[in-house]
Amino acid sequence: MLGYIVRRILATIPVMGVVALFVFSLLYIAPGDPAAVIAGDQATPADVERIRQSLGLDRPFLVRFGEWFFRILQGDMGTSIFTNLPVWTMIRQRIEPTLSLMIVTLILAIVVAVPMGVVAAWKAGSWIDRLIMAFAVFGFSVPVFVVAYILAYVFALELEWLPVQGYTPLSEGLWPWLENLILPAIALGCVYIALIARITRATMLEVLSQDYIKTARAKGMGQSGILFIHALKNAAVPIVTVIGIGIAFLIGGAIVTESVFVIPGLGRLTIDAILRRDYPVIQGVVLLFSFVYVFVNLAVDVLYTLIDPRIRY
Amino acid sequence: MDRRTLLKGMAGAGVLAGTRGFPAPALAQGAAARTLKFVPQANLANFDPIWGTQYVVRNAAALVWDTLYGFDDKLQPQRQMVESEEVTDDGLTWTFKLRQGLKFHDGEPVRAKDAVASLTRWSARDPLGLMLKAIQKELTAVDDRTFKWVLSKPYPKMQLALAKNSTPMAFIMPERIAKTDPFKQIDEYVGSGPMKFVKNEWVPGAKAVFEKNPDYVPRDEPASWLAGGKRMMVDRIEWIIMPDPGTASAALQNGEVDWWENPISDLVPVLRRSRNVAVDIADPLGNIGTFRMNHLHPPFNDVRARRAVLMAMDQEEYMRALVGDDNSLWKPLPGFFTPGTPLYNEEGGEILKGKRDIAGAKKLLAESGYTNQPVTCVVAQDQPITKGQGDVTAELLKRIGMNVDFVATDWGTTGQRRAQKSPPGQGGWAMFHSWHAGSDCINPAVYIAIRAQGDGAWFGWPNVPEVEKEVTAWFDAKNLEEEKAAARRLNKAALDNVVYAPTGFFLTYQAWRKNVAGVGKGPIPFFWGVSKTA
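Heads up: the sequence lines are chains A and B, in that order.
All residue numbers in the first sequence are consecutive under the numbering used here, ending with 313.
All residue numbers in the second sequence are consecutive under the numbering used here, ending with 1534.
It is worth saying that the hints were derived from the structure and are not from the lab.
We put the CB at the ideal spot given by N, CA and C, even for glycine.
A few of these clues could be false.
[Claimed, not checked] Ranges of calculated distance between the beta carbons of each label pair, as one might list FRET restraints:
hint	chain 1	residue 1	chain 2	residue 2	range
1	B	D1215	A	V111	35 to 45 Å
2	B	D1143	A	D58	38 to 48 Å
3	B	K1103	A	L159	45 to 55 Å
[Claimed, not checked] In silico negatives: residues of chain A with every beta carbon more than 10 Å from chain B:
hint	residue
4	A36
5	V63
6	D129
7	Y149
8	Y212
9	P238
10	R277
Whenever a hint applies, use it, and build me the whole structure from the sequences.
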């Protein structure tokens, strides 16, 4: 197993290299000019050109890529064109809010969606099943920002239970941290809950029709024991897979959620950087997201072996 | 640690931290009243007011750095850091003396050499600074509080240049910072203004924090825009960046922020209904919408095609697209200067008045030799002002028989594409939309968009010697009457040759909590004199 993990980690290096080349090339051919954005609307064309030169944006592709890649190998992500701050500093400022949002969303989604899926499978065909599946369709269909606005209106503006926006670091207390994350996590988690609930139901239905479940019932085992001990454990591999894949959804959804709820996370950093063509920041963030995604895939593969001892690498 | 201990610890932390819903202790209430939470118009992505000339940077910079002169609300330059000035009879030598007691945030006194270095950096980037630099013989410190500027030609608009609030403003920085290449960013934010910038709390895209400068010595006169005594009534100002207007609106209503610089007009009715929120016009000088044409390539290289657009253009359609049904927010603008300011005039503006002449426009367009080639309209969709104007333009151009190539894009791409001088079919463009703050359109000194010096002009590169002649006449004017006469001729020449097409004059709102007092109107959110009760 250890050898497998080391091999997988080593395999991420060429993957990250390809991602780096891809990201750099995409940005190079994409339209837009950070110099024009920096110069502002009152600048003359000559001003814009001077800024382009000072940023080194007039140099050839290979020279710029070579320099950037060499720096990345040394662990230096460069400096933001706009803020003049190191990219890593900017990412570090933003990791905690995004990570917090993702963790709370993930916990919320698993705690809500897995029991929903199990119950829907258990009561397949009943009104409870239909109700849960109707919610799942709703969760899939309604955009994150619509859910976000409705939640903010009801729970922040009307009921005044929770704040509309902002983020408080965990170091300032558990509740201040959590109260800023509840509404964003629900908004972001809706799609995720729907996805996990559906896959849990489908997998559970398949497992519940297996002979060993009938045997357990014949032996007089209670319903909850059958569902949560025998069935759910055997249905867990596809569920864990979907949870892993869903982290990519979370990263994408976090961009919208962070904008609506004014959470200073990586999603907003990405959007701001794209709109301003802040190339070093875009490159740094995309590389980080790629790394996270590769790492999550690895973690999911390792989890398989814990859930299903038959799986060996 | 076992599970039970962990849960106990978490519950304890929750109880200790969960103070929401309980009255805050008196000390905390006082702290809240001394902190003003402000939602600016845009993200403070950089903080060098010479390198980055966005309005949001200038607005933040006005808190941290001071200027030698400042505009008052009558658009007159007033002394700010300067105690006195002398100009020789031939107008060639200006000698400035700094006020006593001025200190930078690092405790160092403001010296004449700091002003010299700052003006040197500023004059490399600012249009008026460049004019000064072109006639500069010497800019030197005489002693710690005195410096002189020797010119080869009189420059009567000196105080205006040093006071103006168009970007980049002539902010005074310590010499070591001001010596930075003007095309590179500074990374130390030390000024002598009424607030200090808290760099370690700056999260670009999310938050910027300013704290009161206890050493600031305000002038004795009452504050008026950028002039007079800038007395801070709060200890801390937090800028909270909110890209989503819906969230900003909700946060203001909920009391999570105190002042919102630019609520969109769609949300104003909601804010007006909130009993705790006040709404008013932000800046009486407003903004001017612009339809900028490329003078280098067909069809708009022919003045008849440009005039055809003016003949058919209905400014009300443009303004409705921007401000909706609120008639108090817009005015037709048959001219280029900001309404309500001394140089405003309508000379030559008949073409923009009365019933629109579509048939006449079609005829004029045909005379210009237009042969149905695509007209590349570059329209940024992520800016409501450009998007709204762009939609109207697409219809307008189709109505007069043009073949519209509508390029829907974002502001960053527009910024790049409009700098291309190549023909529209080869990556260039035929027209784009923008807007200018009214305070940047009050006279030719600050009005870069009206200039028509060809290659050196703003995007579109109009080359109209007649316009430039009147700009020079305005600079040389000896009194306001001469200035007004030059402005009238300039307005006519710019309209006859269609340097650009003004789409109208429009105002925007600002909104604040009613427990905040002293919010004024102007081109910059002025924080001095603004107070807050808990």
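Evaluated hints:
1. B:D1215 - A:V111: 35 to 45 Å: With Cβ atoms ~54 Å apart, the hint is violated.
2. B:D1143 - A:D58: 38 to 48 Å: 43 Å, holds
3. B:K1103 - A:L159: 45 to 55 Å: Given a distance of about 49 Å, which is inside 45 to 55 Å, the answer is holds.
4. A36: 3 Å, violated
5. V63: Nearest chain B Cβ is 20 Å from V63 of chain A, so the label holds.
6. D129: Check passes; 34 Å lies beyond 10 Å.
7. Y149: 6 Å, violated
8. Y212: For Y212 of chain A, whose nearest Cβ neighbour in chain B is about 32 Å away, the distance exceeds 10 Å, so it holds.
9. P238: Holds, since 29 Å exceeds 10 Å.
10. R277: Violated, since 5 Å does not exceed 10 Å.
Checked against the numbered hints listed earlier, the structure breaks hints 1, 4, 7, 10; every other hint is satisfied.
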